[in-house]
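I would like the entire structure built from these sequences, with the hints used as guidance.
There are 2 protein chains.
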Amino acid sequence: MINGKRESKEMESPNQEKPSLFNSMFKAKYDKITTDVSHISQITKELAQDDPRRVVHSIKVAFAITVVSLFYYFDPLYEGFGVGAMWAVLTVVVVFEFSVGATLGKGVNRVLATILGGMLAVGAHRLSSLPGKKLEPFCLGVCVFITAGVTTFLRFFPKMKARFDYGVLIFILTFSLICVSGYRDDEVIDMAHKRITTILIGSSTSVIVCVVICPVWAGTDLHKLVATNLLTLALFFQEFGVEYFKTSSDEIANDNNEALLDGLKNVLDSKNNLDSLLNLAKWEPRHGRFKGSHPWTQYQKIGELARHCACRAEALHGFIYPHLQIPKEVKSKFRETRCKMSSESGIALKELSLAMKKMTKPSKAKPHLINAKQAAQNLNLLLKSNIWKNLNLSEVTSVATVATLLVDIVTCIQEIADAVEELASLAKFKDFKDVKVAPQIEKAKLGNQGSIKRAFLC
Amino acid sequence: MINGKRESKEMESPNQEKPSLFNSMFKAKYDKITTDVSHISQITKELAQDDPRRVVHSIKVAFAITVVSLFYYFDPLYEGFGVGAMWAVLTVVVVFEFSVGATLGKGVNRVLATILGGMLAVGAHRLSSLPGKKLEPFCLGVCVFITAGVTTFLRFFPKMKARFDYGVLIFILTFSLICVSGYRDDEVIDMAHKRITTILIGSSTSVIVCVVICPVWAGTDLHKLVATNLLTLALFFQEFGVEYFKTSSDEIANDNNEALLDGLKNVLDSKNNLDSLLNLAKWEPRHGRFKGSHPWTQYQKIGELARHCACRAEALHGFIYPHLQIPKEVKSKFRETRCKMSSESGIALKELSLAMKKMTKPSKAKPHLINAKQAAQNLNLLLKSNIWKNLNLSEVTSVATVATLLVDIVTCIQEIADAVEELASLAKFKDFKDVKVAPQIEKAKLGNQGSIKRAFLC
Chain W
1188 MINGKRESKE
1198 MESPNQEKPS
1208 LFNSMFKAKY
1218 DKITTDVSHI
1228 SQITKELAQD
1238 DPRRVVHSIK
1248 VAFAITVVSL
1258 FYYFDPLYEG
1268 FGVGAMWAVL
1278 TVVVVFEFSV
1288 GATLGKGVNR
1298 VLATILGGML
1308 AVGAHRLSSL
1318 PGKKLEPFCL
1328 GVCVFITAGV
1338 TTFLRFFPKM
1348 KARFDYGVLI
1358 FILTFSLICV
1368 SGYRDDEVID
1378 MAHKRITTIL
1388 IGSSTSVIVC
1398 VVICPVWAGT
1408 DLHKLVATNL
1418 LTLALFFQEF
1428 GVEYFKTSSD
1438 EIANDNNEAL
1448 LDGLKNVLDS
1458 KNNLDSLLNL
1468 AKWEPRHGRF
1478 KGSHPWTQYQ
1488 KIGELARHCA
1498 CRAEALHGFI
1508 YPHLQIPKEV
1518 KSKFRETRCK
1528 MSSESGIALK
1538 ELSLAMKKMT
1548 KPSKAKPHLI
1558 NAKQAAQNLN
1568 LLLKSNIWKN
1578 LNLSEVTSVA
1588 TVATLLVDIV
1598 TCIQEIADAV
1608 EELASLAKFK
1618 DFKDVKVAPQ
1628 IEKAKLGNQG
1638 SIKRAFLC
Chain B
1188 MINGKRESKE
1198 MESPNQEKPS
1208 LFNSMFKAKY
1218 DKITTDVSHI
1228 SQITKELAQD
1238 DPRRVVHSIK
1248 VAFAITVVSL
1258 FYYFDPLYEG
1268 FGVGAMWAVL
1278 TVVVVFEFSV
1288 GATLGKGVNR
1298 VLATILGGML
1308 AVGAHRLSSL
1318 PGKKLEPFCL
1328 GVCVFITAGV
1338 TTFLRFFPKM
1348 KARFDYGVLI
1358 FILTFSLICV
1368 SGYRDDEVID
1378 MAHKRITTIL
1388 IGSSTSVIVC
1398 VVICPVWAGT
1408 DLHKLVATNL
1418 LTLALFFQEF
1428 GVEYFKTSSD
1438 EIANDNNEAL
1448 LDGLKNVLDS
1458 KNNLDSLLNL
1468 AKWEPRHGRF
1478 KGSHPWTQYQ
1488 KIGELARHCA
1498 CRAEALHGFI
1508 YPHLQIPKEV
1518 KSKFRETRCK
1528 MSSESGIALK
1538 ELSLAMKKMT
1548 KPSKAKPHLI
1558 NAKQAAQNLN
1568 LLLKSNIWKN
1578 LNLSEVTSVA
1588 TVATLLVDIV
1598 TCIQEIADAV
1608 EELASLAKFK
1618 DFKDVKVAPQ
1628 IEKAKLGNQG
1638 SIKRAFLC
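Protein chains in written order, with our numbering: chain W, 1188 to 1645; chain B, 1188 to 1645.
It is possible that part of the hints are untrue.
Identical copies go unnamed one by one, so any copy, or any two together, can satisfy a pair.
[What the hints assert, rightly or not] Here are the simulated SDA-like cross-link-like pairs (lysine to any residue), alpha carbons at most 25 Å apart as the crow flies:
#, residue 1, residue 2
1, Lys1518, Lys1560
2, Lys1545, Gln1487
3, Lys1219, Val1337
4, Lys1544, Asn1466
5, Lys1346, Lys1551
Don't read these hints as lab results, they were simulated from the structure.
Structure (structure tokens):
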């Protein structure tokens, strides 16, 4: 019995170790999985909260695919198209995009390119069969080679790339598929007809679902993006007026500073987003307050000027918290003029942004722009005055640089104002009546809300 | 007879008018067509000369499609796959991209997503058939709806979007197609197997043709783009030294001015191109002098610093041709220091660019950077000296601004140098031996060749 107990103890010890090793490994794995899952769910939550349209879009895509797959499930619908019905499902998956412009653009491209490719392929098939059955594969091969080569090169043309890149791809696809499979299937026309019909069904389902259920308009997004960029610049200039004379040890400064720089970076990096939204907006029909003939290209001009202005603002940002060695008197005089110039520039930009958002004429921006110009003239007078005489040039260099850059920026904002004015006249914006400014700005979630209130201090 | 003649004359006059109207319309049409054709051929020529790889790419795509279509033309190959062989053609058309990275990325995405989507679809098909034939379409519909919705939302995840966007799309596609068509075709596994095999054939054909015939590496393009951006900045600073003291009436000035600004704009707008090349480069295996573990993300850092520097340079550009009212003596002293600072910065950047191009350590840039810093110190001393005492601040404002911006730029170039140094150590670049500088730069076609020679004047 004693021996038996010993044995059982000996047996137990490795057994006890094994589960503990296994347990710790299992626990480590389990912990890693729970961390990963919580991380993913966190990102998911952020993505959904950041833009709830993403959730709606996912449901819309799932709905459209399910609707099209009805062709397979129900016999009467299936009878008509057979296996070809899968092209409808494929079309929905590939064509359905986030915005109406993108979906419409892809849909139109796909349908037109399929019709053109199908027709040409039928022609090529007929021509290739003329020299006889033996030479047919050779002729078809040559046709496919030349067409694929030429159309692939077409994709490098800037205008084609911007609007018809997907169409050219689908043209090559349809042409090759019908040409090649036509060699087997003598009913080429029937095949082309079925393919075009199913693609039409898929494309129109996508477009209808995209437009009817909570549509996302690329044009509206473009309009908002440009207006937001102007507001970001406005916040920067208003904030700059306050921050410039602070020391870097101030509490809020650093957070605010980063938020300002991030905002400028967003404006500077918005080119690609803006250009692609512009291309998509051109596909969209009349919607909301945007007419069919809305001057979309004008947004590109305003966007470019805003980036130009952001570049100057980034250069200006290097002079927040300078170690000014100038006397208090000089400082306060300079502060007043510079602060006015910066804040008036900011308000002018904010008014331009608001006018764009409300689609009214930017008449309220003008007086602030005039004030900013007046402040610039005052600054010039101040620079010409004698108060600087007893100072070293190196001591007032940063003051002079900020002043010069601000004068340059006022010119830049004048150009932006002109471009917004041009947009207002081209798009026939209404006259400004009575728009409450403050609540509108507070509603604009730029992740920089505290700074707006502080900006008004200036 | 007379009457007859009269009649014939009356008949002639409208007849004579008609052909002339017809002729003029025909001529106008003909002229328009010839103008269009010559315009298109001009663009084609430019596109081909600008980057001859575009022509090679078009031929490669045509060749790959023709090779894959052999499956249809030859009976033994056709027997194996039947109509499913068209998936191979479709895969080549969709997967074949300009660079190896893009083709490989799309190919791998397509194959993996097809396998995963196919396997899950077979599972879903089996599960759905459990509750009975009547409930099967309903279960399949729910499966497709949930999978399509969840995976569409996955496409919004930044990391997924960057590398696996196409894969997620293909996953939804395969899953939906096999789930849906599986309801008709009981041999789901056979169908999935055929689809995966044909897609593997299409993808591997694309990758092989893309890699074997004149491959275009995204990594090499990324490396060249970043080096070219540094060279563009170098040219700007060297040119700025010369142009700053010219008057705007100088002959060459305007052309040069525009070329300089265009160069800066290219650097500022390169973010998107750089980011997408980075994503593609990560897919590429070892090639040329780039190892598999090449530190590609470092290029993003250098690119961002270069854009930051270009921003400062654009602000600086506003001060070319200032109306300087300062005495000649002061001007010449200032000119010497500023010119040295600008040109040494330019040479330092050029050396950094060359070191990157040659993949050597950027040891030759260091002395020029030290010189630039020394010049910055001298400039500070000059600003502290008495020569400015008798001048108005407004008269020397632009001088002070240029000086401050240049000091800021020297700091920025130091950061670029550090980043290039880091890249050189991470990628184990060789030590610099003997690289001829001048011919290398003259070979770099930036459309700004004249300016390089002028830059050496400074």
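To see whether the hints hold, each was checked on the structure:
1. Lys1518 / Lys1560: Within. Shortest intra-copy distance 21 Å satisfies the 25 Å Cα cut-off; inter-copy 29 Å does not.
2. Lys1545 / Gln1487: Answer is within: at 19 Å inside a copy they meet the 25 Å cutoff, but 38 Å across does not.
3. Lys1219 / Val1337: Between copies only: 23 Å across, 52 Å inside.
4. Lys1544 / Asn1466: For Lys1544 and Asn1466, the Cα distance is within 25 Å only inside one copy (21 Å; across copies 35 Å).
5. Lys1346 / Lys1551: neither (38 Å within a copy, 43 Å between copies)
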